[in-house]
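Chemist: One-letter residues, chain by chain:
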Amino acid sequence: MPNALSHGVNDFNVHVATVNGSGSQTANTTLLRAIFQMGVPVSGKNLFPSNIAGLPTWFTIRVNEGGHLARETRNDVLVAMNPETSVPDIAAMGPGSVIVMNQGLPAPKAPEGATIHTIPFDAMAQPLVPDAKLRRLVVNMIYVGVLAQLLGIDRAEVERALEAQLGRKPKALAMNRAAVDAGFDYAAAHLPPAPFRVERRDKTAGKILIEGNQAAALGAMFGGVTFVSWYPITPSSSLAEALSGYLERYRRDPKTGQGTYAIVQAEDEISAIGMVLGASWAGARAMTTTSGPGLSLMTEFTGYAYYAEIPAVIWDIQRIGPSTGLPTRTSQADLLSVAFLSHGDTRQVMLFPSSVDDCFDYGMRAFDLAERLQTPVFVLSDLDLGMNVWMADPFPYPDKPWDRGKVLSAEDLERIGKFERYRDVDGDGIPYRTIPGTKHALAAYFTRGSGHDETARYTESSEAYPRVMDRLARKWETARTWVPKPVVDEVPGAELAVVAYGSSRWAVEEARERLLADGVKTSSLRVQAYPFTAEVEAFLARHERIYVVEQNRDGQMAALLRMEYPERGARLRSVLHYDGLPLAASTVVEKIRIGEREEVGVR
Amino acid sequence: MPNALSHGVNDFNVHVATVNGSGSQTANTTLLRAIFQMGVPVSGKNLFPSNIAGLPTWFTIRVNEGGHLARETRNDVLVAMNPETSVPDIAAMGPGSVIVMNQGLPAPKAPEGATIHTIPFDAMAQPLVPDAKLRRLVVNMIYVGVLAQLLGIDRAEVERALEAQLGRKPKALAMNRAAVDAGFDYAAAHLPPAPFRVERRDKTAGKILIEGNQAAALGAMFGGVTFVSWYPITPSSSLAEALSGYLERYRRDPKTGQGTYAIVQAEDEISAIGMVLGASWAGARAMTTTSGPGLSLMTEFTGYAYYAEIPAVIWDIQRIGPSTGLPTRTSQADLLSVAFLSHGDTRQVMLFPSSVDDCFDYGMRAFDLAERLQTPVFVLSDLDLGMNVWMADPFPYPDKPWDRGKVLSAEDLERIGKFERYRDVDGDGIPYRTIPGTKHALAAYFTRGSGHDETARYTESSEAYPRVMDRLARKWETARTWVPKPVVDEVPGAELAVVAYGSSRWAVEEARERLLADGVKTSSLRVQAYPFTAEVEAFLARHERIYVVEQNRDGQMAALLRMEYPERGARLRSVLHYDGLPLAASTVVEKIRIGEREEVGVR
Amino acid sequence: MSDGANVPKSNGGGPAGSGSAAGAPAVPKNRIGLTAADYKGSKSTLCPGCGHDAITGSIVQAAFELGLEPHRVAKMSGIGCSSKTPAYFIGRSHAFNAVHGRMPSVATGAFLANRELTVLGVSGDGDTASIGLGQFCHLVRRNVPVAYIIENNGVYGLTKGQFSATADVGSRAKSGAVNELMPIDLCAIAIQLGCGFVARSFSGDPKQLRPILKAALSHRGTAVVDVISPCVTFNAHEGSTRSYTAVKEHDAPLHDVTYVPHFENIEVDYAPGESREVKLHDGSRVVLKKLGEDYDPYDPGRALATLNRGREEGKFVTGLLYVNANEAALDKDLALVDAPLASLTLEQVRPPRAVLDEVMAALRSGRA
Amino acid sequence: MSDGANVPKSNGGGPAGSGSAAGAPAVPKNRIGLTAADYKGSKSTLCPGCGHDAITGSIVQAAFELGLEPHRVAKMSGIGCSSKTPAYFIGRSHAFNAVHGRMPSVATGAFLANRELTVLGVSGDGDTASIGLGQFCHLVRRNVPVAYIIENNGVYGLTKGQFSATADVGSRAKSGAVNELMPIDLCAIAIQLGCGFVARSFSGDPKQLRPILKAALSHRGTAVVDVISPCVTFNAHEGSTRSYTAVKEHDAPLHDVTYVPHFENIEVDYAPGESREVKLHDGSRVVLKKLGEDYDPYDPGRALATLNRGREEGKFVTGLLYVNANEAALDKDLALVDAPLASLTLEQVRPPRAVLDEVMAALRSGRA
Ligand SMILES: Cc1ncc(C[n+]2csc(CCOP(=O)(O)OP(=O)(O)O)c2C)c(N)n1
Ligand SMILES: Cc1ncc(C[n+]2csc(CCOP(=O)(O)OP(=O)(O)O)c2C)c(N)n1
Ligand code: SF4
Ligand code: SF4
Ligand SMILES: [Mg+2]
Ligand SMILES: [Mg+2]
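So the sequences go chain by chain: A, B, C and D.
When you line the first sequence up against this note's numbering, it's residues 1 to 603, in that order.
When you line the second sequence up against this note's numbering, it's residues 1001 to 1603, in that order.
When you line the third sequence up against this note's numbering, it's residues 2001 to 2368, in that order.
When you line the fourth sequence up against this note's numbering, it's residues 3001 to 3368, in that order.
One chain only, chain A, in its complex shape (with noise of 0.2 Å):
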């Protein structure tokens, strides 16, 4: 299907297909970053394989004036400098498409109304750098000239973009300068301008660029980190190593070399997320980031965690699963398994940033969270939004203290006069902490997985169980006042509503426009966290026919909604996408589109 709103002047596609560990990175962020500083909204996917050199890999360069930033499927320039991949990705272009391609790679017939530039970027390169190791890096950014010519990108935003990364190795810029200006050169001289330009506009005044994992690690920061346990596993890494950047930088004492956090590299996913817990319990604010397998292997410690009261915070960016799955492919698969995260009675909190804004956000308030409700509260980012860049508006000081919860201080135990550990004072299902350390004869108490009583104290009684099973039930309900409320948008007059959640929200913001553009009006719930609040079943009340759009092939939004309201269960259907590449409205627009259809066929 045409995309509609790709009409040339900032609103297009560039596709560029290299080889894994070609440096390509540097390339394709001057090119993005020089679109940015023109003032013209921009995003980038990187669709990379789990492999550290040698494979080949795709970046899509979306430019898109509207602020659309989720993934576009069709694209409208190809840089194709990978021989393994040339024929599939130039038989893949459309009409009015341009393909820039390297000399001397297979290809296939051009397709029919696309223009080829084939270009001797090895050529070009050779007078540039007499290392042939150094050249093949360099080559990429003769690519990055050539566009810029080509798309009217300007010469001094890619100059300055480069500098901005390189400035620090002078020796790298002005070989890297050089590669830019050669293909400029080239291009101005062979080329003529394509159908597709970057004019100026003054849509990015102010904003940043971005990765969710890096948002999260500075929410993190100013948030109060002060604990943080991990195990390497893509696409987590970076959140773990981001935070690690920051926080050497800005929460260690230049002069003492002190910090004021511990980060440790644990041997697997079950010790990172015991260190966090033991951390939490002796008064840490403690957090982990991890993915799916990871996910999986905290399963026994995040049940006995809900069950002894235990705050935590855990990242789980989400990857293509089952098991090692595809690293680098993105997916929203875990809701169901974090939902009920081990064995018996257990309910897990989650929340759903669906933007760079949302994981600066909840990496400071999920601790609140954790700590108000003193359980553990689950993050579910994605590998589209954790690794990928965003735009966004510079991220907002803190203008809260953080709260965290229900600590009696020795002042307060001896005030009180009493202390029961997992007794319901408030009504609200959340008992009282102590931490280690206080000193009071009455602190201290005995935290244990197995059956306990209001005081602590080891019971097998067939009351005291049911009644901690109340309680956490009854904490349960408080979470659900507490947590984000969804997002609403009630269009008046909509027919059909549309329920989405985490990264797929751009896809259906956009598809949202283009069906109201056809004269589909659409209302809109964006969930942000589970437990559902009222505001949730209020929607779906409203509303007759819901879509429910996810990244995942089992419908898990949709199975929970429909656990949790069975009177609304029938009016869910599910638009499902889940090849692992990032969601596209062009996606949910058609997949809607067939249900409105079999709509129609079954009234």
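Quick caveat, the hints were computed from the structure, so don't treat them as lab data.
Incorrect hints may have been included.
Computed list of lysine-lysine pairs in BS3-like fashion (alpha-carbon distance at most 27 Å, straight line) [as the list claims (entries may be wrong)]: (1) C:Lys2174 <-> B:Lys1255; (2) C:Lys2174 <-> B:Lys1169; (3) C:Lys2279 <-> B:Lys1133; (4) C:Lys2043 <-> A:Lys418.
Since the structure of chain A is provided, determine the placement of chains B, C and D with the ligands on it from the hints.
Modeler: Positioned in the frame of chain A, the structure of chains B, C and D with the ligands alone reads:
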């Protein structure tokens, strides 16, 4: 609520309160077996602590001519031997009850209308056993004699039951026989017969008494298990240990000393399931058995098995969770966790045995299913079913050979000339596999959890992955037609329907009788497997008000039904029991009555 | 106070000394004014005669004599009969009974959150050598300051007597099964991993166990104390190598151990060449009096050889096997602030607005 | 065939020997008539120059020279760049790429299901020493016949260069971080756990690695081969202790290793006192030629001391560190039938009706 059916003859409950580790097991078994030998149906519920010795423990013997074997909460006869619990134990007895109490125990005021017999057990034991340590054990045997005399249990049957247990230890037998006799004689001389009597019937002829775990072990042996790996955990250890005993006896050549099986006690549950997968992949019939915490640890591997399509049988003897939980309390709370075990779009097959017959049957059938479906099959038993003793007809010798599913031999490969591990040749979503060691050039393939295409080759293709996922969904639909169908009892004119599964069956059957006696007709559905078969949906469609009875807090079966059948979700009401003790009919009746009262209010 | 005597003595000079006035005998108090009873916990629910209860007694006494502040002690354990025991000692301390085999990670987190805590870990041989072996090794490798006590009975007590990975070759289970696999020697593994304090003792020898526990609690780093602790219910029958009598018989102590705390000025008089002295981080000392061969606890190769020879000879070599107080503990490696992380205020952990501005500027310009 | 030469020689006497007629040079075949190419797998997707690819090459050559039957080989691995390599060798064998760190359990199950399989395990240092340490130790303890190859680069290659638990103290990561923790020496741990075959080698020394691999594959029990294998992408910068040059420089071989298979009658001629010979289960032999000090591979204490001294001196001690072919392997311990369990028929594994009757009778009477 008094039990309307309890009328004294062959219908009453004996509750024995002793100290854990004091050897009361033999005493209680003797009583139970003596009654059984008199032709009267009987069941025993062991309510024991998580402790090796010293803590209070109870054993309830239900005598029920009508064949109701579920737990009965109202006790008619109490044997109070534990000074730590005698006060509450006695206080809980109702009018008309008979209490046998050890002299010197603390006791409350006698409950109204109850008869208390204070018996000098210790003094009686003194002349029988000079050794003080041994005496503690023998004291319990005296109450056997006392009770037998009080309740009209035949002395010869008690003798026979005792001899069956201790026949191979003549000294112990003689001592215990003397104790029983002392009890008999004392009661005959000093106590009036109780209003509760055992009278000979012929309702147990040919029947057996067996624990569910033992039955499962037998099933596994006759199912041809060749590999077992497990890690000790209550209440599943007795399954592995029974299996080990049977295999040692019946599957090891007494001449060569060689066995046709391997059983390995692993270092933890991750390793246990890992070994099972390795063995199954290499051609063994492989199983493990565990409970909640172990199940949680198997999360990652079982997700892997779903995706790599490796058969495995996993018995989950459910106990109270989460985490370390209450290992000696029963539960049905692992359904949601197992259904979605492991991150990503994973769906696991579950069987729900409701009787020792099912345990035997599924002990075999689970292998066939797992191997035919090439996926893990979880058998969800529980502590009540697995570790309590149940009456049953003798198990029938299997009348069918095993079915090892789609395995290609070297000859098959030669004939077909082609092998693609993950190709859906038959349209049922189930591919063919080969076993390592198969001597054919086409046999080898590469097993991985990561992305693969039909030929088992690594791929990250966004087309191959959804193909795999869709085929797995197709396999799920096939599973739906292969798993055991539900047992339906459709009662003409019934206004209500009751859904149950697993060990809840017995309390539900009894509750339905009681309701019927009150004029309330009910239809019923016993779910035997997940995924649900077509019969489940049909049943839900036929009924307007459906009570789902289960032993958990969160209504887990109801949740699965709502997810699967959104159109019927609103018809389901939950009857929940989660105090860790086996479900009783009175609880079911009471909660359905409350539900019905509310229903009337609503209407 | 020294460990020569069995009766605890107070720090001296306090109101209630061992030499208090005649008449009502005053209850002895330690240097922070607590009595031994203050270090008790709730009543044990283990089998009468269980070795673990004897260890509990030694822990109570050691903690009392050291004058540990209960609120600064964190009791960590896994799952098993052994792991239940923290309920039975130092009732005024916080405790964390974790999941099976994963106590080391929890202890690591707890210590890093509050480096002022004295972390006392209690585990079993199943909990540590079977399911927990990986976490145990990594705790040792990180040198997390934890006094890690293994109550080693060669079986899984709580699940009724299956073999653990420390069961001796040829040992017979109550069920009749014979163990064919070589036992894992946790002390040897710890030494090989560079652990700075490794000892083995016997629950039935409080005179040796108590000073070792005190020394372990004074060592700033992982201190592994493997205590052979008979399971009277499941590993005390014929064929058991770990019954009380079997252990008593094969116990081969390397030396007599005396602990001298930093807060007492006691001379332990042994003839030169008769003893060795080991200095601990807090200034306390351990005096090892020769028994038979001279044993150098600073030599890891010697320690390994001694253990392996002991195993071959069917002996339980007990004593302070290896010590090395020179390795930095994990909190030093991580360069933590002095104050416990748990005590930091929001101001200390939320960077100022300027930092956010700086980061935002970089993200705007793309400059790292 | 002996390993003196680099070029593989055929079993001799076959149709295509190394001494085949002049003209078109025949491709050498091994004793089962396969060529080296038959032992290859698909094209590697690792970084050019990765040490793991060199090990793959040695595995191919070793399997070829041993004349392994591909259908009897099971290739097991965990997760990591190293664990991907089974795709790159012996393409005609079944392979199982398990979850991270848990290959040992899968290998154990696979072997017990079919004791006729030659189980070849490939893992990384992260996969084995970090997440997998517990399973690794228990595999060794059970003496499961697996040739367990660790492709050890001190980092997590696949996740982009974080330290693993075998990283050397003071080693600098590409990110700049410095490792403070002591490396886990998997060979030393294996020896301490009683492993009957422990060797260390270097991916860059195929002359040493190949005979060691062949010997490991001939040992009936767990054979641990720790191969230092440089990660050219994440551990070959300044500050790396595991770059090709760094390892080359610090490689300290104990001896020259020659493997003599049971199916060849080759005399290796060394002057007496110059070499030692090790006999393996299948009748093949390893000849160790002295280099410098005489080294006794039967002495575990010596092996541990040598390894620990090497570490202190910053050396990689390579060679056959320890061997002991006397321990029974797991299948013997379990007394399995001779035929693979996987091959048993229903008749062999379903007891007859009489057995069920007997059991039912006992359950009826309550008689055990
Ligand atoms: C994950 C998990 N698996 C199994 C169990 C069951 N379990 C409880 S204690 C125990 C073994 C304890 O042995 P050990 O550590 O030696 O302690 P002991 O009872 O001998 O003191 C096991 C297997 C559990 N609680 N959790
Ligand atoms: C449970 C789990 N955690 C984390 C990962 C991510 N992961 C993949 S490979 C790897 C480390 C591999 O390191 P190593 O074994 O040394 O192999 P190398 O790549 O260095 O050869 C990690 C952490 C995973 N796949 N599964
Ligand atoms: S079972 Fe053994 S370890 Fe457990 S309490 Fe009893 S004696 Fe102690
Ligand atoms: S990242 Fe390192 S280990 Fe992985 S393939 Fe590249 S060089 Fe080899
Ligand atoms: Mg033990
Ligand atoms: Mg590595």
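Chemist: Each of the hints needs a verdict: does it hold here or not?
Modeler: So, going through the hints one by one against the coordinates:
1. Between the alpha carbons of Lys2174 of chain C and Lys1255 of chain B the distance comes to roughly 25 Å, so the proposed pair stays at or under 27 Å and holds.
2. Taking the CA atoms of Lys2174 of chain C and Lys1169 of chain B, the gap is about 17 Å. The hint holds against a cut of 27 Å.
3. For the hint pairing Lys2279 of chain C with Lys1133 of chain B, the CA-to-CA distance comes to about 48 Å; that exceeds 27 Å, so the pair is violated.
4. Taking the CA atoms of Lys2043 of chain C and Lys418 of chain A, the gap is near 22 Å; set against the 27 Å cutoff, the hint holds.
The structure is inconsistent with hint 3 alone, although it conforms to all the rest.
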